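Based on the provided sequences and hints, a complete structural model is requested.
Per the working numbering, the sequence shown starts with residue 293, numbered consecutively.
Just so you know, these hints were derived from the structure itself, not from any lab.
Don't take every hint at face value.
Stated by the list, open to error - Mimicking SDA-like on lysine to any residue, the simulated pairs with C-alpha atoms at most 25 Å apart in a straight line are:
| id | residue 1 | residue 2 |
| --- | --- | --- |
| 1 | LYS422 | GLY338 |
| 2 | LYS422 | ILE573 |
| 3 | LYS422 | LEU449 |
| 4 | LYS556 | GLY338 |
Claimed, not checked - Pair ranges (Cβ atoms, derived):
| id | residue 1 | residue 2 | range |
| --- | --- | --- | --- |
| 5 | PHE524 | VAL327 | 31 to 37 Å |
| 6 | LEU297 | MET510 | 49 to 55 Å |
| 7 | MET384 | PHE524 | 28 to 34 Å |
| 8 | PHE300 | TYR400 | 22 to 28 Å |
Since we're looking at a predicted model, the values are computed, not measured.
We treat Cβ as the ideally placed atom computed from N, Cα and C, and that holds for glycine.
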Amino acid sequence: MASLLLFFLSALICLTALCVERAIGIGWDFHPDAVTYLGNSKLITGLLLEQGPLAVLNNLYYLVVNALDMNLAAVIAVNVCMYSLTNVLITMVFTRFTKGNQPQGLIYFGLFALVLFNPYRIHLAVHVLKDTMIILFLVMVAVRWKFSFLSWLPLMLIRIGSMIYAIAFLTRRNLLLLAIPIGAYLVLHPHVIIGILESKQVDMRFRSFDHVPSFYSMGLFGTGLRALIWPFFMLTGTFVLFSPSVMFVPIAFGALVFQIWCWKSFSRPGLLLAVYAPMAILAIMVPGFTSFIRYALPLLTIAPILMMQGKMFRPR
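Have a look at this one:
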């Protein structure tokens, strides 16, 4: 019953956010990707089916949008349902965590609620974007590793670069299992390694409010700086100090609340190496910080799960 109430509460919050965004002028086409999905999914789906099953790799979301007849309301409704289900799964882990750890008062639960209802996740959920679907499947991996093969396949079909997220679950036990898909990704995308080695990267900031330092003019050294600094910016929200835009404030707020919750729950910051490492790789690969935020958000979303599980499963 509690899970059902949380599901509908999450959906209601999304609908409220949708109304607020439309009222302040953020339309359905705020993200260029949304225009592509709603305008070209039927055509692209036809081309993909002609090319064979392998063509679906990295392109599954086009098929999903096409199956929904490229209907704006239908696609957003599906995204909202996936967002709500993700919240239920994260809260399941939190519930198990609180049973084995002494609750620390109303503030403790309030902070978790703020972590759960990350404003940027809500924003993405009410737009025609594949990020919410990616986050759902990655959370499913984090919650139920034993059945993760059921989630990795759709993740690869939605965004093949999602294999980088596998680093967050890297242990001696599953090292080989995770090395195979990561290796396959690098083989299929050799330009990634070549581009890094040749340092032929271009500063591509897709939003005018993105003033976060990218260090592109510094070559390979700048690449290393991004790998080191951008994950810290993302996990702490400190990027807003360099780009104090109203558009960045909700994203920074979500990261800041996560850090406060970590201090309250674990007496340490939420700077997990398991999350930091794949974020560093993403920082090397993506063209701008606004793009980095979207790619890194799934890792920020599973970070609370990994921290709670780490404490739950730690020998006492």
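Quick rundown of the hints versus the structure:
1. LYS422 - GLY338: holds (19 Å)
2. LYS422 - ILE573: holds (21 Å)
3. LYS422 - LEU449: Distance of about 11 Å is within 25 Å: holds.
4. LYS556 - GLY338: violated (51 Å)
5. PHE524 - VAL327: 31 to 37 Å: holds (33 Å)
6. LEU297 - MET510: 49 to 55 Å: For MET510 against LEU297, whose Cβ atoms are near 51 Å apart, the range 49 to 55 Å holds.
7. MET384 - PHE524: 28 to 34 Å: holds (29 Å)
8. PHE300 - TYR400: 22 to 28 Å: Since PHE300 and TYR400 have Cβ atoms about 24 Å apart, the given range 22 to 28 Å holds.
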